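Trainee: Here is how the chains run, residue by residue.
Protein chains: 4
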Amino acid sequence: MRKVCVVITARPSYSRIKTVLDAINQHPDLALQLIVSASALLDKYGSAVDFIEEDGFEINEKIYSVVEGEGLTTMAKTTGLGLIELATAFNNLKPDIVLTIADRYETIATAIAGSYMNIPVAHVQGGEVTGSIDEKVRHAVTKLSNLHFVSNQTAYNRVIKMGEEPNTVFITGCPSIDIAARVLEKPDLPIDPIKQYGGVGSKVDLTNGYYVVMHHPVTTEYRMAREQVTEVLKAVNEINKPILWFWPNVDAGSDGTSKGIRAFRENVENNNIWFFKNFSPMDFLKLLYNSNGIIGNSSVAIRECSFLGVPAVNIGTRQMGRTRGKNVTDIGYNHSEIKSAILHNLKGVQTTGENIYGDGASGEKIASLLAEQEYKIDKILTY
Amino acid sequence: MRKVCVVITARPSYSRIKTVLDAINQHPDLALQLIVSASALLDKYGSAVDFIEEDGFEINEKIYSVVEGEGLTTMAKTTGLGLIELATAFNNLKPDIVLTIADRYETIATAIAGSYMNIPVAHVQGGEVTGSIDEKVRHAVTKLSNLHFVSNQTAYNRVIKMGEEPNTVFITGCPSIDIAARVLEKPDLPIDPIKQYGGVGSKVDLTNGYYVVMHHPVTTEYRMAREQVTEVLKAVNEINKPILWFWPNVDAGSDGTSKGIRAFRENVENNNIWFFKNFSPMDFLKLLYNSNGIIGNSSVAIRECSFLGVPAVNIGTRQMGRTRGKNVTDIGYNHSEIKSAILHNLKGVQTTGENIYGDGASGEKIASLLAEQEYKIDKILTY
Amino acid sequence: MRKVCVVITARPSYSRIKTVLDAINQHPDLALQLIVSASALLDKYGSAVDFIEEDGFEINEKIYSVVEGEGLTTMAKTTGLGLIELATAFNNLKPDIVLTIADRYETIATAIAGSYMNIPVAHVQGGEVTGSIDEKVRHAVTKLSNLHFVSNQTAYNRVIKMGEEPNTVFITGCPSIDIAARVLEKPDLPIDPIKQYGGVGSKVDLTNGYYVVMHHPVTTEYRMAREQVTEVLKAVNEINKPILWFWPNVDAGSDGTSKGIRAFRENVENNNIWFFKNFSPMDFLKLLYNSNGIIGNSSVAIRECSFLGVPAVNIGTRQMGRTRGKNVTDIGYNHSEIKSAILHNLKGVQTTGENIYGDGASGEKIASLLAEQEYKIDKILTY
Amino acid sequence: MRKVCVVITARPSYSRIKTVLDAINQHPDLALQLIVSASALLDKYGSAVDFIEEDGFEINEKIYSVVEGEGLTTMAKTTGLGLIELATAFNNLKPDIVLTIADRYETIATAIAGSYMNIPVAHVQGGEVTGSIDEKVRHAVTKLSNLHFVSNQTAYNRVIKMGEEPNTVFITGCPSIDIAARVLEKPDLPIDPIKQYGGVGSKVDLTNGYYVVMHHPVTTEYRMAREQVTEVLKAVNEINKPILWFWPNVDAGSDGTSKGIRAFRENVENNNIWFFKNFSPMDFLKLLYNSNGIIGNSSVAIRECSFLGVPAVNIGTRQMGRTRGKNVTDIGYNHSEIKSAILHNLKGVQTTGENIYGDGASGEKIASLLAEQEYKIDKILTY
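Chains as they are written, first to last, in the numbering used here: chain A, 119 to 501; chain R, 119 to 501; chain D, 119 to 501; chain F, 119 to 501.
Looking at chain A on its own, in the form it has when it is part of the complex (with noise of 0.2 Å):
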């Protein structure tokens, strides 16, 4: 039995990961450790520990990592604490393999102290190409790791020519769009979100159609992350129609991005609002695929909404360089052309998707992958 240890850091992870995490649990020669940290054990960010014990997941370690500040020094004050309790975790835990997910800047702590303790180190969506600090990091992470897991032949083609070695990387899809094509299968939505899943803001009636909004604070910009969000929320706050907001990730400006809604909330009395913090990934695809289209800066509205027909209104560079289907319109942080767009673009799923991201079978494929490839800690630049 191979142990596989995977570190979730944060509410988008999980619903990246959990697929294989599945695979993992029911293949006969994995057996899954699981270490929780940083936004995913924080109420605030949308407790995202409380699906995972939900989904029946045993969890082996939480670490709280968190450092809280206003700004950017708490993000790499978070990733040396979360560095450092990871090392003892995996020191106690003794994992054949660690599992890295994506490029949030906390998950190069896992990368750092599995390569450093001899750990071979798996690497899921390596080879993207976004704005933002997450840039830096995806690619940092790629060097560091011994496999790695790519999306689509164009990651592929990325990674290689970074200089990885062509039998380590491996083209199984993104597992986010795993979750997507279950949705397909049954794709009702929840009989009341709003009861089932709480949160805060005007009451909205969903019958008639809505849309749904995420948005990040953008870290190499977060001065300008309150008035960026203030541009989105006055754009769909013209609009005639509810809007579902899910609460931004823990990053260096989301204090300004929280801020930004807080004032929005207070003075705009009669808004079409409602906010969530905590969905279940399979229900929140299911909101995105009966609604009209979604709008903000997610990865979920390129990579799942690609595969599912969801139309998307991105704003800004947080997405720039990552691979598109026809799904996605680009705008630049102008509330009135973010209001075109919407009104333009959103009419809801018309065709049926594309696979840029995956076919579905992510999960199992990388837990294949993970029971029988070699496993080996060193590697050389191949040139």
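Worth flagging that the hints you see were computed from the coordinates, not collected in a lab. Be a bit skeptical, because a hint or two may be false.
If several chains are the same, the list does not tell them apart, and a pair holds so long as it fits within one copy or across any two.
To be verified - In silico lysine to any residue, SDA-like type, Cα no more than 25 Å apart, as pairs:
no.: 1; residue 1: K494; residue 2: M342
no.: 2; residue 1: K212; residue 2: M342
no.: 3; residue 1: K494; residue 2: R341
no.: 4; residue 1: K279; residue 2: T248
no.: 5; residue 1: K483; residue 2: N355
no.: 6; residue 1: K321; residue 2: H145
no.: 7; residue 1: K162; residue 2: A381
no.: 8; residue 1: K121; residue 2: G189
no.: 9; residue 1: K395; residue 2: M119
no.: 10; residue 1: K180; residue 2: Q491
no.: 11; residue 1: K444; residue 2: T500
no.: 12; residue 1: K313; residue 2: T348
no.: 13; residue 1: K212; residue 2: G189
no.: 14; residue 1: K162; residue 2: N210
no.: 15; residue 1: K212; residue 2: R341
no.: 16; residue 1: K313; residue 2: E345
no.: 17; residue 1: K180; residue 2: E339
As the structure is a computational prediction, the values presented were derived from the model and not from experiment.
Given chain A, work out where chains R, D and F should sit, using these hints.
Mentor: Same frame as chain A, but now just chains R, D and F:
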């Protein structure tokens, strides 16, 4: 005035950056901020901090960050602790750019703190290829950095291939060569190195030639550290000339290496080895220049010695992949082969050296680029 | 010049030490070193740092140390992170003495760093008795400290009984009373506190009287924090006068308290409560002096308000054991009893206050003792 | 079943708690949770962890926490790092009580993590009086603890005087005496201690008597550590019997002590000293029982040796204030006085020992109290 913050974490890193520090101090548009941390503060690893202060540099912060332990876990923890405290230091010092040196494991903390805090990161010695964890660290740091000061055309080509923008990569040579160049101007040995620098071991007479040994544990092979150093000890002990042995860096496995050395010293009474811990970078190069040659796995043998023309026997995988001059003979961990390689190849400087790692003016070149180049924090893979 | 390093970790701690900082700055034989950390840096808890800078104090180091989380685990981690970084700061600043304030959980880090580093530790407000974790922290800090500046004879007697040497304990009064004394010289309200200090809530008119509420979670009862604050909210909401509510400190349970407040604000639309986060210490006391009285469990009600003569309704166990003046009415967590206590007892300042916590000149007394007393690090139980 | 979590941070702490661990394991109502950290994990300080595992105890977590450095700064940082990680460990293990041992500087981390997390804290060996930083740590830990297991009536009286509630303080004796009692049942020496336990130094013959030395640096005098140990080395080197010297604990100053020992070993070739690092607690006591006597400043000389009747020469201030039996001779740091005291007083066991630190059944007593006493977290000064 641009504030350039340099973080020095080890004795050899100081040697590699000293002329850059001088050049920053002399440049009218640059102000130096200096942080000394990790093994650079520890007596056991040669107290680089003492040399830095003797050389007249003002230190802004000292940060103890080495977590003690036998193995790899504490390498990760040391890096995490350094990251936490560097974030605080950068937040208090507010540098315009941070400079990180080469590829020791703890240097990634500097690159992460800088990049996460939206401070541009400059990296010296990217694009080289070696064995060990250094390989992963070096390229990960490249992916986190905004300016790259590389040693030679080969390194330049690799950094470009990894997807860095060409206008951010500069062939400056390695500043360690600058010190070697100064040595050539006045290459006489210090009058009595043992008197000046202390140390322990068998009394040795340097007048009829001697060898220098510098041997580090290889972190990805750390369980073998003791065996490996024992082979080296056996080999040099059978040679009929004095050996000047320099104590290794802090690294997982250094305890294995240390134990091997201590056991040898307990058991082999009439040996010919003198052990040093502390040496000024320039006196160390003078000692090399006047020696029969260097033995071990230090990068000095590959870099500075290629410039000086000092012949070298390089043992094992640690320098695997690094560009070599004609001064280097590679050999495995067998004591009789090592001995034979020493006797055949190490006959002191015979010819002029090569410029493959620089021409002796890297410090000024780097300082000029730090003063003149545009500072950016955003970047994106070029493909 | 003796270098006195003061560590401020929270908004109320700044209020308690401000006049000492002034007196140190004015004393010819003392030099002030100032470190601001923990919740004193966080917007969410009133950004004490902004007031400190506005008041013209120079800050030597800012240290973010609050680890985010729902409960008690992160109180311990916050203290550990503070301890690590205070050690570095003290090593760089090299103070002759460190001054630690009162009994918040994170202040023990200052006392440990100082005492372990052979720096004498001076403690303000030892020897008092209260409920909650503060009780343990306060007396543990006493055992780590070398000089004790206590509020009154009762506190003095307790410190002596605990085994401290009498020539190291001084009744200086509490410096928070100094600010209260300055308030009495010119007690007029700021022209429009809501305009000046912002905040959120129901618009209130202060011209016909108002109450002030300050209510903190009790860490040893932290699961009940939400219920407790809800009783207080209910009680004050039923009163026909404006309520000025001050946001609580960071503490385990503050999320419970915060949630209680947020839920109340969502559900009770036409309430009479205005919520403040930020206030200068002096304006806060003026606000109290001109109010009908104070409600909650803040030590301000016991200390400053006894001096000012402001009547107080003190709820629950948090101030249990603290010496009281005749201004205080104690009550449990029942909203109708709280309401009744408010209506019967809070009628504004009627008589002159009492000096049980000081006479208004504590800052100068403490500065003089810091300048004149012998500094020792060794001590031994007196029995 | 009550879960009792014991944190062991050093070799001597293991000796002091071993019989408690046995008794907890044998008690039907108690479950043992064991955390090993700090110097207990380090080879350099005798790898207590190896003995713990050999003795069959299951370790739940290993936590590397010693930050390396020459001085006192790193004592504080080590404590902070331990505190951070103990909080995580307690949060994952969820003990019903934590047990902290004696007064080493890093043990305060256990007491803080426990008390801040609302876990009751039990403390062994409170109420004693000594010199050095231990004095401050011990009493601060008492103020953070809820149950006190003290060695004797004097210690009991002091804990009560410090304001602890009488029904929480118990005279159990010190569990280190339990091991001494077992030694008396079968006091024969291990057949060849040098063969069994290794070490370095001059070959010694134990058949005609020998002395044992255990000498620790005193943290509040750490700059003098080297001089002090040198006086001891000189004194014992002039005596015509073998010396068995045990390597000191990790502490600021241990590098000074280590350097003093290393310098002596380099310079004095024909000495009579053998140096040990590792020893099982019981064999160590047997070695003492069969020796001429013990020299140095270890508490073993005061505690276990009073029970065994082994004569002791106690040097310097480190044990100042501790209750003494008639076996102890106190002396300052002058090598000729030390020599003279050894020759006059150390003649091996002559009479039966005294029970001032326990009667040999402390382990069971403590386990019973842990099983039966009410666990409380709140407390308040009794005066």
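Trainee: To test your reading of the hints: which numbers does this structure violate?
Mentor: 5, 6, 9 and 10
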